[in-house]
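K.L.:
Model the placement of chain B on the given structure of chain A, informed by the hints.
As given, the protein sequences belong to chains A and B, one line each in that order. Going by my numbering, the first sequence opens with residue 57, and the numbers climb by one from there. Going by my numbering, the second sequence opens with residue 57, and the numbers climb by one from there.
It cannot be assumed that every hint is accurate.
Straight line, CA to CA, 27 Å or less: simulated DSSO-like cross-link-like pairs of lysine-lysine [as the list claims (entries may be wrong)]:
id : chain 1 : residue 1 : chain 2 : residue 2
1  : B       : LYS305    : A       : LYS207
2  : B       : LYS227    : A       : LYS217
3  : B       : LYS60     : B       : LYS394
4  : B       : LYS217    : B       : LYS101
5  : B       : LYS314    : B       : LYS227
6  : B       : LYS217    : A       : LYS227
7  : A       : LYS217    : B       : LYS207
8  : B       : LYS299    : B       : LYS394
9  : B       : LYS207    : B       : LYS227
10 : A       : LYS394    : A       : LYS299
11 : B       : LYS394    : B       : LYS207
12 : B       : LYS394    : B       : LYS227
13 : A       : LYS227    : A       : LYS394
14 : B       : LYS314    : A       : LYS314
15 : A       : LYS227    : A       : LYS314
From chain A, some residues computed to sit far from chain B (all C-beta separations above 10 Å) [unchecked claim]:
id : residue
16 : GLN66
17 : ARG100
18 : ALA147
19 : TYR409
Derived by calculation from the structure, the hints in this document are not laboratory data. Cβ coordinates follow ideal geometry from the N, Cα and C atoms, glycine included.
As a plain string of letters, each chain reads:
Protein chains: 2
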Amino acid sequence: MSHKDAYPLQEADLLPLSIGAGFLGTGGGGNPYVGMLRSRELLRKGAKVDILPLDALPDDAWISEVGGIGAPVVSVEKIEQGSECLRAMRAVEETAGVSMAALICAEIGGANSMEPIITAAQSGLPVLDGDGMGRAFPEVQMTTFFIYGAKAAPAAISDDKSNTIIFRDIKDMYWLERFARDTSVAMGAAAGLAIAPMRMDFVRRSAVPGTMTQALEIGRTVLAARARRQNVVDRVIATTGAKLFFTGKVTDIRRELKGGFARGEARIAGSGDWAGCEGRIAIQNENLVLWIDGEPVVMVPDLIINLDLETGEPITTEVLRYGQRLAVVGLPAHDLLKTPQAMAVVGPSAFGYPELAFVPLALGPIEKGMT
Amino acid sequence: MSHKDAYPLQEADLLPLSIGAGFLGTGGGGNPYVGMLRSRELLRKGAKVDILPLDALPDDAWISEVGGIGAPVVSVEKIEQGSECLRAMRAVEETAGVSMAALICAEIGGANSMEPIITAAQSGLPVLDGDGMGRAFPEVQMTTFFIYGAKAAPAAISDDKSNTIIFRDIKDMYWLERFARDTSVAMGAAAGLAIAPMRMDFVRRSAVPGTMTQALEIGRTVLAARARRQNVVDRVIATTGAKLFFTGKVTDIRRELKGGFARGEARIAGSGDWAGCEGRIAIQNENLVLWIDGEPVVMVPDLIINLDLETGEPITTEVLRYGQRLAVVGLPAHDLLKTPQAMAVVGPSAFGYPELAFVPLALGPIEKGMT
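Isolated chain A (complex conformation) (with noise of 0.2 Å):
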């Protein structure tokens, strides 16, 4: 399957999917199997999703991102009543006065992967081929369509007892983000916000490209090597251009609330080609930085996925546990999340690391610390 072409997506798609965007979703993101279980729902009623590639669409067809939001710690992204980001969705629409002709993903990672496919299967709406963030990322601002110029209302959000709030006006996305997130907190940490609307033309330069499709392929991936007994772990660093960084057993591991985060650290003594190292890796609801004996060598925006070592098993950070042995394995961030105008906003230095100059994965120093 090629993500040039629109297909229809199936039943036995959700599965791989949730699993890909489970990859994706670098350690956080939330379960997508709350909204896999709603997809097939809906699926099973009747309800048609066609994925659509980003040519596909006129210009000035008009966009909606939609996502869950909510308390970014421990399965709060999951959306219980379903129907939420519809109606954030309509309430954007009467709004600004528009009709949508299309969902994208505001980011592929995690729970929200499911989120504009429940939406689509509501509304008879296609879902673009594409997300904002091509990973997981804890606010609403990370993505590549705030990076580049989105506006930041008219937004809605909705909760399940029917509650709609408008975010009419807004000063910039960092607003967005807090009013959003306030508001998602006293919803009972369980939302569904709708973006301003965006026409396709911005879309398709500011989208990360194929992300649904390449979640779909990552999982189905896992579930042939797991199929033919493979090594998971091989496989996927094989067919997604992932590369194993380090191998070992987590020694330490911290986590605590801190504005509103779930922020810890890990570490992990290596194992295999990296006996004697020791791993760290920095997390804020999805790992940030991964250092090997002190030198950091994957950082945001790049992918750090740490893997069951035995399974494949992508490991969040809330189920992060002492003893576990890891695979990290690195994955290049598309280049749009890699421009100066990115850096600001989804760079080390956002995420609290400004002695970090941000060093892209390909380019590192990959041998480092690999004594």
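P.N.:
Quick look at chain B alone, frame taken from chain A:
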């Protein structure tokens, strides 16, 4: 002056109005001083504000209740930029598709007495002679409008950075309070709230009538007594229908921030007629209950006001101090605040005193404890 007639608010009315509003704040409601200065500035620039009796407008005229909202702690109910309520009102008009005919005050007690006057001066609309509390209360839903069925949406909130958020579909008035409160905190604890449009026939039935004029007259009484070096406490009691319930010296004051509110308790050693008795006042921003020797004698929704024994100045709960000499007076709340519907929202149990059955001040054991 009678509140049966319309009258233009003069610059010279602002000081007595703010003094009367301070009195009706029953220890809370925020300081009207900044709002008074802002109103004065607008009147000096030529703005005209008419105060209309509740029978002046036709039944189908739309009325806007506006007020400042913030974290309900010390001094935060002031509005810096000055157009917050106007923007919120305009957003409600646009969302509901109506034009407002007049403004009404959410709460006459404290800083919110000035908000509709500022908005009136900016918009050219008149202000109705009445409000939703006849005093101050800490929460949005604690108005006669909401008690008697005002809709929770569409309402709007705006801040000094021109962020405007619309509460478009809101389950009930308690959810409006929650969302508006949390948003105001995100806005930096100073925002303007406009609630859903109300028809004049509803407002005529549900408003506490004549409270703009009442505040003005209380303030004039205080100023006249000061000018004539009369005893201010005596004069206020003589002209307002308030009753003196206790005099004494503050011996203990305990305050804590709990659930977003300043809660606490003051103890007062009786003096004069109350020598040997102990008074105790429960506080949640406003004064809630007065006990004398363990016997509750005045309680919400009736008004409990602490006046400086010498100057007659109302003492707000945040400036209560050890050693202050107080006259504690009580004033009956309007009958609209004492129905069974009202009890559920503003009675003792709504403030966490389910053990207190409300006994109206006028009927209460006024002489109890006065041994």
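K.L.:
If a hint holds in the structure, say so; if it doesn't, say that too.
P.N.:
Evaluation of the provided hints:
Note on LYS305 of chain B and LYS207 of chain A: the hinted pairing is violated, with a Cα-Cα distance of about 58 Å set against a maximum of 27 Å. A hinted pair counts as satisfied when its Cα atoms are at most 27 Å apart, and LYS227 of chain B with LYS217 of chain A qualifies at roughly 7 Å. Between LYS60 of chain B and LYS394 of chain B the CA atoms are separated by roughly 24 Å; this keeps the pair inside 27 Å, and the hint holds. With a CA separation close to 24 Å, the supplied pair LYS217 of chain B and LYS101 of chain B stays within the 27 Å bound.
Among the hinted pairs, LYS314 of chain B with LYS227 of chain B is consistent with the structure: their alpha-carbon atoms are about 25 Å apart, no more than 27 Å. Distance hint between LYS217 of chain B and LYS227 of chain A is fulfilled; the C-alpha atoms sit about 7 Å from each other, no more than 27 Å. Under the criterion of a C-alpha separation no larger than 27 Å, the hint pairing LYS217 of chain A with LYS207 of chain B is consistent with the structure, at around 16 Å. The straight-line distance between the Cα atoms of LYS299 of chain B and LYS394 of chain B is roughly 18 Å, inside the 27 Å bound, and the hint therefore holds.
Distance hint between LYS207 of chain B and LYS227 of chain B is fulfilled; the C-alpha atoms sit about 9 Å from each other, no more than 27 Å. Between the alpha carbons of LYS394 of chain A and LYS299 of chain A the distance comes to roughly 18 Å, so the proposed pair stays at or under 27 Å and holds. Using a Cα cut-off of 27 Å, the hinted pair LYS394 of chain B and LYS207 of chain B holds, with the two alpha carbons roughly 21 Å apart. In summary, the hint linking LYS394 of chain B to LYS227 of chain B is supported, as the alpha carbons are separated by about 25 Å, within the 27 Å threshold.
As the CA atoms of LYS227 of chain A and LYS394 of chain A are separated by approximately 25 Å, the hinted pair is consistent with the 27 Å bound. Pair hint LYS314 of chain B plus LYS314 of chain A holds up; C-alpha atoms about 21 Å apart against a cutoff of 27 Å. A threshold of 27 Å between alpha carbons decides the hint, and for LYS227 of chain A with LYS314 of chain A the separation of about 25 Å falls inside it, so the pair holds. For GLN66 of chain A, the non-interface assignment is confirmed: its Cβ lies about 35 Å from the closest Cβ of chain B, beyond the 10 Å cut-off.
With a cut of 10 Å on Cβ distances, ARG100 of chain A stays outside the contact zone with chain B, its closest approach being about 30 Å. Some Cβ of chain B comes within 10 Å of the Cβ of ALA147 of chain A; the nearest lies about 6 Å off, and the non-interface call is violated. With a least beta-carbon separation of about 26 Å from chain B, TYR409 of chain A lies farther than 10 Å from that chain, consistent with its non-interface assignment.
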